[in-house]
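Chains as they are written, first to last, in numbering that gives the first Met the number 0: chain A, 0 to 354; chain B, 0 to 193; chain C, 0 to 514; chain D, 0 to 192.
Source of the hints: derived by calculation from the structure; they are not laboratory data. Among the hints, erroneous ones may be present.
[Unchecked claim] In silico DSBU-like pairs for lysine-lysine, Cα to Cα no more than 30 Å straight-line:
| id | chain 1 | residue 1 | chain 2 | residue 2 |
| --- | --- | --- | --- | --- |
| 1 | D | 20 | C | 448 |
| 2 | D | 93 | B | 26 |
| 3 | D | 20 | A | 61 |
| 4 | C | 466 | B | 132 |
| 5 | B | 57 | C | 74 |
| 6 | C | 448 | B | 93 |
| 7 | B | 57 | C | 165 |
| 8 | B | 120 | C | 466 |
| 9 | B | 120 | C | 448 |
| 10 | A | 186 | D | 20 |
| 11 | C | 479 | B | 132 |
| 12 | B | 38 | C | 448 |
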Amino acid sequence: MPVMLSPPHAHGGDSIRMVMLTVILALLPATMVSVYLFGWLAVLLIVTCMVTALVTEALCLKWMQRPLTALLDNSAALTGLFLALTLPAAVPWWMAVLASVFAIVLGKQIYGGLGYNIFNPALSARIILLISFPLHMTTWIVPMSAAEPALNLYDFSLCLNFFLAGPDALKVGFDAISMASPLGYVKTEATLGVPVLEALKAYDYSYLNAFLGFEAGSIGETSALALLIGGIFLLARHTITWHIPFSYIATVMLLSGLFNAIYPEQFTPPLFHLFAGGLILCAFFMATDPVSSPVTPMGQIVFGVGCGVLTWSIRSFGGYPEGAMFAVLLMNCAVPLIDHYFRPRVYGHGIKDES
Amino acid sequence: MTQLLYALLSLGAFALVAGIVLAVAQKVFHVEGDPMVEKIDNLLPQTQCGQCGYPGCKPYAEAVSGGVADVNHCVPGGERTMLAIADLMGVEPKDLEAEATAPMIAFVREDECIGCTLCIKACPVDAIIGAPKQYHTVISDHCTGCTLCIEPCPVDCIDMLMKPELIEHWSWPLPDTQRARLGHDRRETHAGHA
Amino acid sequence: MPAMLRKLAQRLGILQHSFAGGVHPEMYKVTAARPVEVAAIAPIHILPMKQHIGEACSPLVKVGDRVLRGQKIAKSEGYLSVPVHAPTSGRVVRIEEHAIPHPSGMGLPCIFIESDGDDESDTTLEPLTNWRELNPAILRERARMCGLAGLGGAVFPTFIKLVQDKRFPIETVILNGIECEPWLTNDHRLMLEKPHDILTGMAIVMHMVGAKSGIIAIEDNKPDAAESMRRALAEASEMQGVHVVVLPTRYPQGSEKQLIYSLTGKEVEAGRLPMHIGVLCQNVGTSKALFEAVVQARPLTERLVTVSGDAVENPATLSVRLGTPVRSLFASRGLDDLTGLHLLHGGPMMGERLKSVDVPVVKSTTGLLAMRTETMMLAHTEEQPCIRCGHCSEACPVHLVPNLLADACRSDQFDRAENYQLFDCIECGSCSYVCPANIPLVHYFRYGKGQIAQTRREQVFAEASRKRSEARERRIEAEKTEKAARRSRVRRDHAPAKPVESAEPENNDATQEKS
Amino acid sequence: MTEIALILLSAVLVNNYVLTKFLGICPFLGTSGKVETAVGMSFAVMFVMTLASTASWLVQEYLLVPLDLEYLQTIFFILIIASLVQFIEMMIHKTSPVLYQGLGIFLPLITTNCAVLGVAILNVQQEQTFLTSALYGFGAALGFALVLILFSGIRERIEIAPVPELFKGSPLALITAGMMSLAFMGFSGLVKI
């Protein structure tokens, strides 16, 4: 008795493994920039996160008695990489390990593994860390691109020491080796009543640096250029569609442009929003994570717009300087409903009488 | 002392007002009968076989709606009916009491039939035709396979046969993959979540 | 809004008409350059009593009868049905149930005809060469009695569509020469070799429905076919309103509703037919069969079948008599040993896998493919979790959301599946084709459709049972009251007179009454 | 106008009763199995919460305070809420028997939904005016409805996932609610009230 096989009997040859690999490839430019900016710290962080993610995934699969071949779909490695790129360089090893375990266990496997998670695993782990360890998670180490880097991050033993034991090992305080990120700086100044433009001037902000990524931030989010290259690669390979990144970024630009035009004193300009923080990383890589984003084009646009509104609102009014990651997580909650309500019009349904 | 009086009076008066409002509401929103009975009855296969312990489908529906009977007593309806009722009632599904068998129909061996009309009287859906002293025949399109006609027949000339499967009624089984089976089993154990 | 932009772009000529969605499978049209060969007449022919959509036929012949080619051997029962004809002359040897090309592997009653080798034709039917003067109703009856059914694979009885309805006048007749299934080349070869027959068939259709314009739709991977049809058109003087349209290749363009959208930009509303928007769609093969039925008085007894696949070394497009066993066709192409091969009835996108090779060629047999195991989609056994990439929604030509539908079907949430318009799925397989997780989406949809149909049948049956049961209860009730009434009447009339002779219970009553 | 919007925003997002104040968790978990049930529950809670907060404000202002009976606050408020719940229960039973079945025990249990009493008491504590207390009650209900409906959508998806045996049902629901709560922390500081 042969197995009951339904047509189609032909297949296009696409596979999950290739999809994941494509995303990892697309993250390569950003990874390289992060290594350039944060030296061995970035390398250590990325390797730790990826290895921990893979090991955790393997343990989970074993525990749930599922085939270990699922490791080969590259999804755990991708989650590890994603997570590492959203972490600041100041994170010690145990935090990276903890975050990876969170990401795989709480973010993914607890829901039944790949494809069933509600929230983006890397982002949920990052948010857990941010709320649990706010000091570490908002300390931005001066990158190597700065005029006078506080630490020589290309020195392996120094970085290893720092990674294993924190700043105490180097007998320096966090203050000495860190700087404010543009978003954080503007936010702090705004609470003191300093107008936006003056704050930016005081920070010595330059759009070019922000575009290239020569500024403080999480290791993978700084360089708009590298992320855009990756994003365009993904678009070209048809791994993602334009709907989410476009609607997301356009919404942020529109809102910030509008408010900046009316109240230039209080609201930061759109380009600042675009290059600052994790907007591009989130728009091209996090919000487009297929599992936790809507399936339909219309739903994806709604999702993108929602992310945009939330990102801008949290950045402009909220207590946290960066809202992109919260925005994506919040919109993740709404995905099942968006999927349900924003389905495309089915052929032959709801057509008006055509003359 | 006045304080206490105020307290008692105000609370009492307030409770009275609330009571009156509710009494009026009770009149306005009075529900005739139990609309759930109809809905449950619509889910039952209407074999009127009595295997649930009630004299027909409607009485069973009333019992389920009233919370007297469990949702798992309908044998011909099988798993699907049980799940549908559990879903409607918002209760946990239960294991079936008896395994549903393949659909059957009754068949009268005409050369043995003595034309006593007892089976005709027993059939709850009028699926047997015949007159006294004539052979009786089961209208196979109408037979629900309830087996109620077997018992009364004095000469045991009624058989239950497998209902023939039509190629037009054939349907695709679930795909033969691990994931399909997992997803399906889950549904069966988890349907009708509270 | 997108529809408006689209229309504007089409009007300006920027955008070619095409439906949204679809895929571009590898075409493998290996038999496209080879002329049609006539298959040898098999020693035995197996004719199932149902080769179309609709009601089955009932045999007109007995075992032992001699039949001629084209003789009607089974008559249609019911309206949606067409008769079956003997494919060659010979003797009826058996009438019994036999496996047919159906995914269930189940069978139907079949007439077995042992060929006598003479291939003598039945000539009782008159050719209608003057069809231009004839009433469409006569031609329609001819189409019905010649057993015509859509030869594109759907086998919908052709005569049903060929009707003039005053409320829905047909403006455009579309001749479907798309043939978007990989491997298959029937329509392609037919357009190259018999363009005039096809055109005459189309002219008959246009005459029958009173249409003024016609479109011959061909995909751009068959430029020679388009050229052939254009040349034939130029030679046919009386077909002014007809032109050839070459569409960009995309699967499933050959699907009726998608083709209509590609050509006219109009959608057929759900639950309605193309005729409701003034369009009639006809496969080129059916058109040629109509020509033969009308002009040559030949019932449908043969069709083109592409025998191909990567396990067939000598593939070809064959002209095959209906009822020819599949095994002999593969044998004729040098493929005797079929073990370990996947046999497909139809193309790889929508064709069914054959459970047995002992089935005959029927009216829906567009192709017979023998595929090696390693080239078959292994998705069905290696399904991975859905990563919700959305490629299936993009590929779906009817704009469903296949992954949500499959979730609903898998977990038996059929209400939800219906709400997501499960029944609008045309089962083209584009979603499964692009799925990176190898999910057998179409299989899930078929499962869902089958289960819902089953439930509906059960509901209808339950409703009927309930009605009968209630009627019975009412009857019993009525009998009871009547009996009681009669009894009391009897009692009133006779009880005082003869209390002793009455039956026991009444006796009791009577005594009570006395006391 | 701005004030109204801010009150609503604050009640719906920033001080969400379920995800940041952790009130009303019982119906939140109990009635979030299906979207339809959740929508029904949301409307019921909206009705009860808005009316309860206004009614209790009135009672507080015109009955309890003048008569010096503030110590009877809880009893009075519970009485109001209980009557309202009885009322809506009858109404739902009449209008939608299926929803009535779906909500089951959770419908009468709105009475003991701490979010409802919480809104009423917080309104009094924060010395809101009549209008703002009504608004605040409505906003809180809206916030409850928002997360309840979002959560029910998520749970419908979890329902068909191959969740490990250990976490099936409530454990995973609680973890997911926790994640939602973390995400809602992003709103902190959005409105300073």
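Results for each hint:
1. Pair hint residue 20/D plus residue 448/C does not hold up; C-alpha atoms about 46 Å apart against a cutoff of 30 Å.
2. A C-alpha spacing of about 11 Å is found between residue 93/D and residue 26/B, which places the hinted pair at or below 30 Å, so the restraint holds.
3. Restraint check for residue 20/D and residue 61/A: the C-alpha separation of about 38 Å exceeds 30 Å, so the hint is violated.
4. The straight-line distance between the Cα atoms of residue 466/C and residue 132/B is roughly 28 Å, inside the 30 Å bound, and the hint therefore holds.
5. The straight-line distance between the Cα atoms of residue 57/B and residue 74/C is roughly 45 Å, outside the 30 Å bound, and the hint therefore fails.
6. Under the criterion of a C-alpha separation no larger than 30 Å, the hint pairing residue 448/C with residue 93/B is consistent with the structure, at around 26 Å.
7. Note on residue 57/B and residue 165/C: the hinted pairing is violated, with a Cα-Cα distance of about 49 Å set against a maximum of 30 Å.
8. A threshold of 30 Å between alpha carbons decides the hint, and for residue 120/B with residue 466/C the separation of about 17 Å falls inside it, so the pair holds.
9. Pair hint residue 120/B plus residue 448/C does not hold up; C-alpha atoms about 38 Å apart against a cutoff of 30 Å.
10. For the proposed pair residue 186/A and residue 20/D, the alpha carbon gap of about 26 Å is at most 30 Å, so the pair holds.
11. Of the pairs offered as hints, the one joining residue 479/C and residue 132/B holds, with about 24 Å between alpha carbons and a cut-off of 30 Å not exceeded.
12. A threshold of 30 Å between alpha carbons decides the hint, and for residue 38/B with residue 448/C the separation of about 23 Å falls inside it, so the pair holds.
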